[in-house]
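Colleague: Each chain, letter by letter, is given below.
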Amino acid sequence: MELSRIHSLLDKYWNCETSAYEEKELQDFFSRNDVPFGLQRYAPLFSYRETQQSLSLGNDFDERLKTAMDKAKIAKKEYVTIKIFLPLLRIAASVVLIAGLGASLFFIAKQNNKPRFAETYNDPDAALKHATFALEKLSDALQAGENASLKTLQNIDEMGIDWMALDSLSVPIHVAAGKEEIKKEQL
Amino acid sequence: MSTDKFSQVILPLKDKLFRLALSIVGDKRESEDIVQDVLLKLWTKKEEWDEIENLEAYCFRSTRNLAFDQIATANARLTDPTDLSGESLRFIDEENPHSQLVKKERLSLIEECTKELSDNQRLVFQLRDIEGMSYKEIAEIANISEELVKVSLFRARKKIREMLSNLDNYGIEPHT
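Quick note, the sequences are listed as chains A and B, same order.
Per numbering that gives the first Met the number 0, numbering of the first sequence is gapless, rising by one per residue and ending at 186.
Per numbering that gives the first Met the number 0, numbering of the second sequence is gapless, rising by one per residue and ending at 175.
Source of the hints: derived by calculation from the structure; they are not laboratory data.
It is possible that part of the hints are untrue.
[Unchecked claim] Computed spacing ranges between beta-carbons, pair by pair:
1. A/ARG4 x B/PHE153: 36 to 42 Å
2. A/ALA71 x B/ASP68: 15 to 21 Å
3. A/ASN58 x B/GLU115: 28 to 34 Å
4. A/ILE90 x B/VAL150: 56 to 62 Å
[Said to hold, decoys possible] Derived coverage of chain B by chain A (criterion: at least 3 residues anywhere in the stretch with Cβ under 8 Å from a Cβ of chain A; other residues may be distant):
5. 16–24
6. 61–72
7. 129–136
Predicted model, so just to flag it, every value in this text is computed and none were measured.
Even for Gly, the Cβ is constructed at its ideal location relative to N, Cα and C.
Modelling step: build the complete structure from the supplied sequences, incorporating the hints.
Modeller: Right under this line is the structure:
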């Protein structure tokens, strides 16, 4: 009979041998009003199944999802643009880096090669002539200076100053100056 | 094309995903948010759909993972049991308020009982008994072997059966 079938189905159910269809059959049986007393204890399980199966999302869910999806679409668009330009940005960055490095290396190398004193004469003979002229001029000037100082010394000697008399004249110089006495030879 | 796939394959799963999330987090609002997050995430990476072997199982897996994440981030805070008053409970006319109460209590008892199950057992029970999926489908979603699916389901049902039997012996008297 049907009841014995239900019993065997239940046994199969506890042993996890029922098909999904058979489980539905059980559920339908337990949702009836005339469940025998002996089986009523299992009814809550199947009504729980039924209750759970009828649970669904709120009515406003689709609306909310759509709004969120539209928002995501806009965000995604921005993302895509960046994504496309990302490799280009990388290339541009490396180009700038290489150019910068190259330029600085070039200028450093150039600076090192630059002679500190530039050659201003093309003809060595002319250069020698001008150098000799300049050195002679310097030599003449030095000679003139030396002669002039010798002449001055000579003039002082000729004046015949009595140094001893000058020394004993008045207050010793070192007292006034607070320094070591200046000797005659030092003057 | 991808829009069609979304509305034909993924979107119809929404209620199932919702119930799965609900069985884990136990809160309707949170479960809705989880489903929305899962669908939105899938929507934003359409180009990866072809790489996903089983899109349906993937949806269930993401929902389950996100639901577990949610619980973890909520620091395993206690969730209120689902509010049964808002749900369409089937009552028979002849039944008096007392038997209604007993029935309702038993329903929430089963719910309590499912909370006692291990994560795998609860997942398998949910997918088999509520969603009526095949063992193969469940194995793919839970990422375990079909054998283990059967074992988990067997233990889950056994636990519920024991609870229902004990109830008759010591618990609430059945109303006749």
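Colleague: Does each hint fit the structure? Answer for all of them.
Modeller: Against the structure, the hints:
Range check, A/ARG4 to B/PHE153: Cβ separation about 22 Å, and the 36 to 42 Å hint is violated. For A/ALA71 paired with B/ASP68, a C-beta distance near 20 Å keeps the hint of 15 to 21 Å intact. A C-beta distance of roughly 33 Å is found between A/ASN58 and B/GLU115, which places it inside the suggested range of 28 to 34 Å. Checked against the given bound of 56 to 62 Å, the beta carbons of A/ILE90 and B/VAL150, roughly 57 Å apart, stay inside it.
Counting residues of the stretch 16–24 of chain B whose CB lies closer than 8 Å to any CB of chain A gives 4, so the stated coverage by that chain holds, three being the minimum. Taking a C-beta to C-beta cut-off of 8 Å, the stretch 61–72 of chain B contributes 0 residues in contact with chain A, too few for the three needed, and the coverage statement is violated. With 5 residues carrying a beta carbon less than 8 Å from a beta carbon of chain A, the stretch 129–136 of chain B meets the three-residue requirement, and the given coverage holds.
Going through the hint list in order, the structure does not satisfy hints 1, 6.
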